[in-house]
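> Listed here are the chains, written in short residue letters.
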Amino acid sequence: MCKFELNETNKQIIIDVCRENQFSAGNVIHVLHGVQGKLGYLPAEVQEFIAKQLCIPVSKVYGIVSFYSFFTMNPKGKYPIDVCLGTACHVRGSDKILEEFRRQLGIGEGQTTDDGKFSLSTLRCVGACSLAPVAMIGEKVFGRLTPNQVAGIIAEYRDK
Amino acid sequence: MAKLKSLADLQALYESSQPIMADRKGPKGSTGTKTILVCGDTGCAASGSVPIIENFKKSIEAHGLQDKVKVIRTGCFGFCERGPIVKIMPDNTFYTEVAADDVEDIIETHIINGNRVEHLLYTDPDTQETIEESENIGFYKKQMRIALRNCGVIDAENIEEYIACEGYLALAKCLTEYTPEKVVEIVTESGLGGRGGAGFPTGKKWAATARAKGNQKYMVCNADEGDPGAFMDRSILEGDPHSVLEAMAIGGYAVGADKGLIYIRAEYPMAVHRLHMAIAQAKEYGLLGENILGTGFNFDIELRYGAGAFVCGEATALIHSMEGKRGEPTYKPPRTSEKGYLEKPTNVNNVETYANIPIIIRKGAEWFSSIGTANSKGTKVFALAGQVNNVGLIEVPMGTTLREIIYEIGGGIKDGKKFKAVQTGGPSGGCLTEKHLDIPIDYKSLTAAGSMMGSGGMVIMDETSCMVSIAKFYLDFTVPESCGKCNPCRIGNKRLAEMLDKITKGKGTMEDLEKLRNLSINIKDTALCGLGQSSPNPILSTLDNFWDEYVEHVVDKKCRAGVCKDLIHYEINKAVCIGCGACARNCPVEAISGERKMPHFIDQETCIKCGTCVTKCKFNAIQIK
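Line by line, the protein sequences give chains A and B. Counting from 1, position 41 in the first sequence corresponds to residue 52 in my numbering; the numbering is continuous, with no gaps. Counting from 1, position 588 in the second sequence corresponds to residue 2039 in my numbering; the numbering is continuous, with no gaps.
Among these hints, one or two may not hold up.
[Said to hold, decoys possible] Calculated cross-link-like contacts (lysine to aspartate or glutamate; reagent style DMTMM-like; alpha-carbon spacing at most 25 Å): (1) K151/A / D1552/B; (2) K1508/B / E1559/B; (3) K107/A / E1914/B; (4) K1776/B / E56/A; (5) K1945/B / E120/A.
Don't read these hints as lab results, they were simulated from the structure. Bear in mind that the values here come from a model prediction, so they are computed numbers and not experimental data.
Using the sequences plus the hints, can you model the full thing?
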């Protein structure tokens, strides 16, 4: 995985997002959404740069990034895997699905595989409760999962 | 589209748009054309409705039926269990579990030849008869769709379909016929209570914001649906976004606000997209913006994104988040109706609450208050999920019993298992049992029984759910969601979760159970906001209703549901095992071995207790001990 570099292109991307939000401190959450949407994640350098643009302390930016679960300081994999841990999925055994993804990938929640292909995280309710237990890879929803389907799903993406 | 400049313009558009809906009004309005409604909500889309719509479009073109048949992507029909759903109007034929490959069959058999496609009709599990009309299916019989009135009926991306269903006529009526005070009066008299969970009278909230002094006021829509296992608000926003926009404008007129803000989860991309589209359309038609319908009333709506924090469902936390701060709640009073967004008077209502407003204005307070019970009026939408046959989105009049919901609408417990508990209110609610099934549900009765209405999550559990684990599941949810501002919530909930962890690992003592109860009560009494005050509810309700199960975990070190891994192990019954090898082949860790046609054996050291072998064994030879 290559290290993030705050180069001129990335700086320009951040400035553009800040401009769309009038460089307003009150819009910092929208700015973070915009930047994460474009860069994939919010490493420390990016947060410092955003703080400067909006004229607020970097502690405030970090306070927000760490408060809200949607923001991440780690890059996600090429195929981000999200296992639903909503109640409906829980009572239909989502913990076993998560455990199997962990075991197969050798990573924990919030981590990315060394080859950068997969990252594993959990979320609370996709709203596809009729298909519980559910996991998502990117935008695709996998429903009615059983632990022994997991290896096959990973293999399908690994070879892509 | 030219802007609508007056009530007369809107009425003219309403009249001229009626042909769009003619098919959908059933055989009476039949025009010789057909409309195919396909559910495009997240649930049905996940089970494949997008290729179905594409195939319909292709097939219609291939058969040259463009002038006679149209396909509409609608919002949620509710019957997610049998999705994807396709409904043909005006014939009122309801097809379930449709696959992309069935499309050609529907076009040829149904549309061209006028016969029903029998194998796609719903079969009643009791009588084995096929049912054509959705109204006659058990799932729908006891439902009453008010907030969901347009979901599964209209194309959410087309404002004219909403207008054709009397959309924005309620706003027009308020602006031209009623004073703001009269609007507040109607909402108050209707008895509508906040659908976010607490049931605070909406009219009272509006009156407080109307009374508050300030030159700038705000109408806020709380669309930060955080309850895991609940998707009512998302379905309304995806299936009928204009009803929320119209209601916010009505509220703005009533309280004197010209600005609306919708606080929505960024995790709902489709709902965000639909809202952006709906706001743009409403502005284009002059139904939002300046001088609406020539009445001099201005109202504009913007979106504010949430970023995944359960506590932001609390009004003060939500407002801080909208201001670009951490979503930490503050003491009330002052209430948000006096000092809210940017310190200005702010009215905060939930999506479902808003969705009820336009129809209340159109049909009157008396009509609405005639539905429901003495203290809770109207209907409530629930996301029915868990171990029940018919998972889906339902809307029932207040006063319906849990038994009716679970057994008549829900079709009973999956796989013929035994009902154990029903959880309402999500992480703030509790678990109710068999003895509560005949309570007519409303805000008061559910609270009295030890749970709460909540936003509408309803999860059914059977005997395979361990109630101690369920309490732990909710605490594990609440602990990281605590904003950390007050000690009872930040530290207390953590301690509760640790005690539950100890109990599920078989290391708990009877003293722990006592501590668990005392600490829970203390947190309820002392936490700052609604999140902390309600987070011990799952523990208290399970302690009350499933005390024996806690004692079993502590004294006998047993988990009767076979869920707590440290308290169970799997064994193969040698007398029953025929040595087919299905368990060994499917075991993800190769913990099972044995000769072909000879009883197999589980290596307890390697076994991860995933339970796959139990589901794969056709002879029930694997037992949880």
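> It remains to establish, for every hint, whether it holds in the given structure.
Against the structure, the hints:
| no. | hint | result |
| --- | --- | --- |
| 1 | K151/A / D1552/B | holds, 20 Å |
| 2 | K1508/B / E1559/B | holds, 14 Å |
| 3 | K107/A / E1914/B | holds, 18 Å |
| 4 | K1776/B / E56/A | holds, 20 Å |
| 5 | K1945/B / E120/A | holds, 20 Å |
The earlier numbered hints are all upheld by this structure, with none contradicted.
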